Structure formats: C-alpha cells, structure tokens
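Taken in sequence, the protein lines are chains U and B. Sequential numbering of the first sequence, starting at 357, is according to my numbering. Sequential numbering of the second sequence, starting at -12, is according to my numbering.
These are computed hints drawn from the structure, not numbers from a lab. In this text the structure is predicted, and so the values were computed from the model without any measurement. Just so you know, even glycine gets a beta-carbon here, dropped at the ideal spot from N, CA and C. Fair warning: there could be bad hints in the mix.
So, partial list: chain U residues that the calculated Cβ filter (under 10 Å) puts toward chain B [stated by the list, open to error]:
| id | residue |
| --- | --- |
| 1 | Pro407 |
| 2 | Asp419 |
| 3 | Pro426 |
| 4 | Ala431 |
| 5 | Ala440 |
| 6 | Gln442 |
| 7 | Leu444 |
| 8 | Thr497 |
| 9 | Asp606 |
If you want a taste of the chain B side facing chain U, the calculated C-beta under 8 Å gives, among others [what the hints assert, rightly or not]:
| id | residue |
| --- | --- |
| 10 | Asp10 |
| 11 | Ala11 |
| 12 | Gln23 |
| 13 | Ser40 |
| 14 | Leu46 |
| 15 | Ala56 |
Each chain, written out:
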Amino acid sequence: MRIGLLSIALIFGSCAGCASGFLESFGFRQRSQSDLPKTSSPYPHFAAPFPGGISLRFAMVHDVIHERFPVHGPAYYQKREQDARQRLKALPADSQEAFDLTDDVAVGMDRLGRPAEGIPLLREKLERQKKQGLFGRDLYTTYANLGTLIIHANMKAATTGDMSAKEKLKEGIGFIRDSITVNPQAHFGREEWQLHIASYLLIAIDKPTLLTQYDCVGNEFGEGEPSLRGRANVQHEYERYEIQLNEQFDERGELIKIDNRSKIRGYISKVGGRYPKAEGLIAEPVPFDEPVLGMIGMWRQGGGANPYFAVSFGEIMSRVGQRYIAWTAYERAAQLADRYGWQPAHVTFLREYCRKQQERIEAQLPAGEREQLRPRFEAELAYGKQFQREYQEYEAKRIAAGADLRDEHFYDDFYRGREPIATPIGESEWLAINDPKSVSEIQSWSVAASALLWGGIVMFSVVILGRIYSWMHQDFERYRPRRVNELPPEASGA
Amino acid sequence: MRIISALSTLLLAAASASACLNDATLESSEREFRSQYQTTTPQTEVQPSYDHSNHYLKLTGGGVLLVAAIALTLRKSNTI
C-alpha cells in the first residue's frame, strides 16, 4: 500500500517535472539566449528574388554609400564613342553588332550630359529592329535606354510645366514599362524600381509634400524606431516555422532547394508601400532586398550618389536592424541634402531628419562607438572616392597612350598590387541562430533534471506527510479517552 | 532664378535616380559585381559549452530527495 502510494507520488512528480522542464526549454526557441550555442545561418534574403539573380549582401549597401566601386570617367566614354562611330561605318546597319554599338554611343552621350543627342539614334535603332521583325527580349536594351534618355532629356522642362515635356516624360516611362514587360528579371529588377522612382519624382512635382512624407521607395519618414527588431523577427519567424535553414542553402549561401524560394522569401522583412496608390508606384510592402538591389544597380550603373537613394537606404537598413549602415546612409544623405527636392524646406527637412535619425541610432550604441562613427565614415568615403579618382586617371592615361578599350587586360596594371575595393563578406552577413542540435540536447537535459527534481520533491513530501500523519495518529491513539472495556485488565481493576 | 536653379537640382537628382543604362560594360560590370561578393559560411567559432550547473543541481537535489524518501520509507517499514 505504502509502496504503491510512493510510486504514484513519484510518477506524478516526474510528470509535473517533465512539464516544467519542457516549458522551460520551450523558452529557448522563443528567446535569443546569449548563453546558448550559436550557429551561422543564411538570412532569407540569401534566396535571390528570381532564379539566376543576384542576392543581396549588406556589404553591397555599405560599398555604394562609401563609393567603393569603380566608375568610368569621361575619357573612357569619349574614346568609346569615337571607336564605336568608326566601327559603325564599316558595319551593316541591321547587324546585331551595329545595334549594340548604337547603344554604346547613346549611353556614352547620356554619361557625358548630352541625352537628347542619343534619343534619335535609339529611335532609329528601334525602327530598324522592328522592320527586321525583332520583338520581345531583343528590344529590351533599346526600350530601357530610350526610356532613360527621354526621361533625362525632358525632366527639367517637365518640372517647369511644359506639357509637351511632360508627355515625353510619360513616353519615357512607357518605354521603361515596355522594357520590364519584355525582360522582367533584368539587372536585379532595376527597371521596376526605376519606373517606380521616376513616377515618384513626377508626382512630387505636382505634390511637393510627398518628399517630406515618404522616401522614394514608399517608407513613411519617422515611422518606427531604428533597432534590431528586423533581425529578431526573422529569427522568430524562421524558428516558428521550423525551416531547416542550412539545408536550404549551400556553403556559399546559394539557394539549393529552389522550390522553397518563395516560402523562404516570405520571411524577409517588408518595407515601403506606405503612400497612396498612384500610377507607376508600388503601393504594397515588398521584401526589403528588392528596392535595395534596384537602388544599388542604379547607383553603381547609373548616375551615382543622390540623396533620395541615400535616405532610402537609411530607412530600410534601420528597419532591418542594420543600424551602423543606416547611420552612414543618413550621414551621406545629409551631405547630399542640397540636391533634395527644389524648395529650401526640402533641404532643411532632409538634413534635420537625418540628424534626428542618427541621434536615435547613437542613443542605442555604447559611448565608445558613437565618437568613432563620423571619423570612420569620413575616412572610408575618402578611400572610396580616391579609388574612383585613381581609376579614372588610369583610364585617361592608358587611352592617351593609345590602349584599346576592348583589351581584356586594360585594367590589369591598375589592379596589380591593390586590395579588392569591395568590402569582404564577413560573419555579420549571416544570421546567428541557436544551434538546433545543441538546443535539443539542452532541452533533454532540462526535462530529465526537472522530472527527477520534482519526482523527488513530491515523493519526499508524501513520505514526510505520511510520517506526520502517523505521529499524529499515534499521539491521538495514546491520549484518546477509552471506554472501560477497552482498558487493560490491570487498569480497569479487574 | 532660384526656382530654376532648384529645378535644375531636381533634374540632376531625377536623372541619377532614373538611370538604367545598358551598354557593352554592363555585363562585365555585373559579373565583376557578383564575383566581388562571393560568400562562404563563416568558420564556426569554438564556443564555450553550455553551463549545465543548473541541471546538475536539479539532478543532485532530486536524487537526494528520492533516496531520502526511500530511506525513510524503508526505515519505517523496518521499525514496524
């Protein structure tokens, strides 16, 4: 009887202990405990937006902000135009090579600040292509270049109220839309964001308050606190759905389970989509890497630094927990603020807003790091600009010396002995998550230890209570008043 | 004059923002861009193992209580 009671106590206690241990260990999955063993896992944005596409690394954003990439100089474009015109003379006008060279000449004109001169060349090319029966993707570069040059050539007149220029601007935007239709996955989805941002600026001409309410991606200024929230959300979501991250990617972070692309990308933090619906604007929140890749492409391959992209980088990076990059993006935007909008109020707004955001970020950082932010930024930006300057000087010297631009070893001497300009990919690109194997082992330990502890507590308590009951019962028996027939013979006097 | 100048700055900004040009350099630039950001899994650092002292404490405590309970029970059985 007693053994049975104790067994029940042991089982009951152990069950309670198991439950307690399980609840305790369940907390491991919910919290990012610093004492748990960690493993590196790809972020969901390692899955590129589409097959064969490039996937974002935070170092890419860092590098465009600090100008750490090569940019061709005027000497390069002048020489290329000269060479292309020479070669075009000897080529049939309908050949593919002639079409490609026409792109080079027109793009070079745009780079040299003469977009209007390139438009007739591209219109003529488009006509020739259509006469040849070319369609779809074959027309992609013509559409994209023609649309861009038309926008560049007419934006100024459109902003002064010239209706004809506005119509042409719309025509340019139409060509960009055509380029997306025929080649939707080109260049990291850059055209889609080009279309969106061109539309944003067009709307801002009629509604200037747009520039102080939303960035060019559709984030609302002042919304949300810069924090590590984005990172935490990603981890929580991943673990909640029990995606085995490391099984989805190879060791280079390339997606191998391609069927899971959309599911994995579903975990990417979303940004933008805050402003009212308007033609050409993306009014739904999107995975943050899409506009970032688009802006990186336009910054590097297009017109370079501008305050619109810089502040958008700041907004996006602060929303996904990249506070250091966000700080530098706001710093760059504040430096470029003179080019923001066309009213003094726009410039003042951007400068003050960036400083306020930087202060919010600084408040979250240790004191020693705050003081280093600006000197580090200045030094790195100077390094990037110096690289670009030396690159262009090298180009000019080589061209003057008669070097051929098509020579694949043209830049060999420039790069010899130099460190790569791109920032090396570091550990911070990866998500540090609790190691599932270690966590599972700790959970087993936790359940077993709690089961034994509570089993022991309950069993011991039952024994002690039994003892107390027993003692009390004995005392009661000893002092209880008894009837005469219950007394022993000597006590009853018999 | 100020408005014209300001609009010029908008033009410049808009031009930068909308640039999406395709020429002979684009393909090689993208290839180079892609190769510059090759990624490898970071080396797993040797991490201090998880501190199981809490678990050991529970196991010891539970074990002691269990033994004590059994001992008390057996002692009681013997004395009866």
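Structure-based check of each hint:
no.: 1; hint: Pro407; in the structure: violated (14 Å)
no.: 2; hint: Asp419; in the structure: holds (8 Å)
no.: 3; hint: Pro426; in the structure: holds (8 Å)
no.: 4; hint: Ala431; in the structure: violated (14 Å)
no.: 5; hint: Ala440; in the structure: holds (9 Å)
no.: 6; hint: Gln442; in the structure: violated (15 Å)
no.: 7; hint: Leu444; in the structure: violated (13 Å)
no.: 8; hint: Thr497; in the structure: holds (4 Å)
no.: 9; hint: Asp606; in the structure: holds (9 Å)
no.: 10; hint: Asp10; in the structure: holds (4 Å)
no.: 11; hint: Ala11; in the structure: holds (5 Å)
no.: 12; hint: Gln23; in the structure: holds (4 Å)
no.: 13; hint: Ser40; in the structure: violated (11 Å)
no.: 14; hint: Leu46; in the structure: holds (5 Å)
no.: 15; hint: Ala56; in the structure: holds (4 Å)
This entry does not satisfy hints 1, 4, 6, 7, 13, going by the numbered hints stated previously.
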